[in-house]
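J.: Here are the chains, one letter per residue:
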Amino acid sequence: MTDGTLGVRPLHHPQPRAQFARAWAAQKRAHRLQWLSAAVLMMLLIAISAWLGEVKPALLWDRLPRFGSYFGRMVPELALATLGEDLAYWYWNGWQWLASLWQTVLIAIYATLFGAILAYVFSFLAARNLTPAPWVGVAARRTLELARTVPELVFAVLFVFAFGIGPLAGVLAIGLHSFGALGKLFGDVAENADPEPLRGVRATGASWAQTMVYGATPQLMPDYLSYGLMRLEINVRAASILGFVGAGGIGQELYRAIKNFDHTDISAIALMLIAAVMLIDALCGWLRGRVIGREGLRAL
Amino acid sequence: MSLSSRCGRPNAAGAKRVLELRALTRRFGNATAVDRVSMAVGDGEMVAVLGRSGAGKSTLLNMINRLIDPSEGEILYHGRDISRLSGAELLAWRRQSAMIFQRFNLVARLSVLTNVLTGRLNHKPRLPKLFGVFNDQERDIAIDALASLGMDEHALKRADQLSGGQQQRVAIARALVQEPRLILADEPVASLDPVNSQAVMEALRRINQERGITVLCNLHSVPLARAWCDRAIALSEGRVIYDGPVGGLDEPTLLAIYGSAAALTEAH
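Chains as they are written, first to last, in our numbering: chain A, 207 to 506; chain B, 30 to 297.
Fair warning: there could be bad hints in the mix.
Stated by the list, open to error - Output of the computed footprint for chain A on chain B, the stretches with three or more beta carbons under 8 Å from beta carbons of chain A:
1. 120 to 130
2. 133 to 143
3. 152 to 159
None of these hints come from the bench; they were simulated from the model. No residue lacks a Cβ here, since even glycine has one placed at the ideal position from N, Cα and C.
With the hints as extra help, turn the sequences into a complete structure.
T.: Next comes the structure, spelled out in structure tokens:
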């Protein structure tokens, strides 16, 4: 009682605390050894991969100023007295760039639509609870995997080769990748669909496709819309890069400027691009909030 | 006996047999939910299926609609084996044997009207319906069905804005527009309060008597079976242990169905 044992008498061991202290110390030693060997192994692996990958921290340090001077050259000459003229000179090709930027946004919108519509159909084939037959589900999931593991740039190179330089290649490349990514997300959401309305519709003699349209779609639409808008944000960013391989949009202008060492053009285009992406992100975020928000409020 | 004579159809012996189950069995793994059930239902009968939870009532009704496939046995409708149907014939059979569920199974985010119209999905033309297009004639059919249940004023509301009793009446309207020959009601009032329970049972009885539609109704409550049905079939552990007029459900029979006096009190 006096040593704080709460009056509980030990049943098996005369000294339970000493017994526990020994076991605990042993466990701690074992853990420390495991952790230490894992850390040593990890550091060894990092060193080996840096050596194989020719990562040289010294080089990074040496060349850092060069990186800074590149940015320095991108800064345009702006004076307060002649600000209007200076800006006009900086954005000498502004309207052309704006048109290209608009094309980039259109590429993203069409690609998202194309990908989302295909993904909508495939999500019902791929979801394990909705698929018309197990083998169809497996085939659909493999198709989606294939579409999303190939990067957009690889698709873009292929489509530029097939359909020529221009926005069509961009739409197809981003659309196909979006199909794979969205199909996976849609399918996962569809696997959580409430089975009761599905049975209700099925019991009326509705076909599989009708059951998907009337039983599954209404309950899944808010999630699908939300994911679709998020994909649109991602696709605007993807579309701005694809111009580098000739797939249309502002990327083509940016690539030309970089290639020709038109340093102030690079900064002009990059700033427009960043502003556009931020604007679209904000817009999609707001729309997404409305789609989810209304539903969320209903549940409370 | 007074109840069954009031209903005018004592039991299957008198009416023409339309639905016949022969040794119908369904197993889930090692468990046998429905065990060699044989019975015949006459045209226009209203039959209560009684039994404790897990007695196999729900599986039985779902097998008749073919939402669940039987393991063995036959389901004959007018002598035709339903248990082997597939493809378009299966869908057409589901249209003829309308289901009503304990939890209504409406699509929450669709309007009441659209929910009722889903009962027309198996009627031609089917392709426009895939894109949400129903013709005026079908809308009229749906509104008439809702009106017959006093629900027409709610047609444009979303289904999840209605109370449970209202939702079940919408589900009955969906069953009606299927133009079924048979209605299978799986615990239709188990989620409802007593007043709504009476309203829903009254609606089913009216449909049964006015339109001559055969009704099979899973029920938890013996008084409801006595009040609204002609005949009772009782299941215990998947087997039929009583088949006769509701008037014949005396204390010893009920004790056999519910196993103990305590469970029986609950069923009252």
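J.: Determine for every hint whether it applies to the structure shown.
T.: Comparing the hints with the structure gives:
| no. | hint | in the structure |
| --- | --- | --- |
| 1 | 120 to 130 | holds (count 9) |
| 2 | 133 to 143 | holds (count 8) |
| 3 | 152 to 159 | holds (count 3) |
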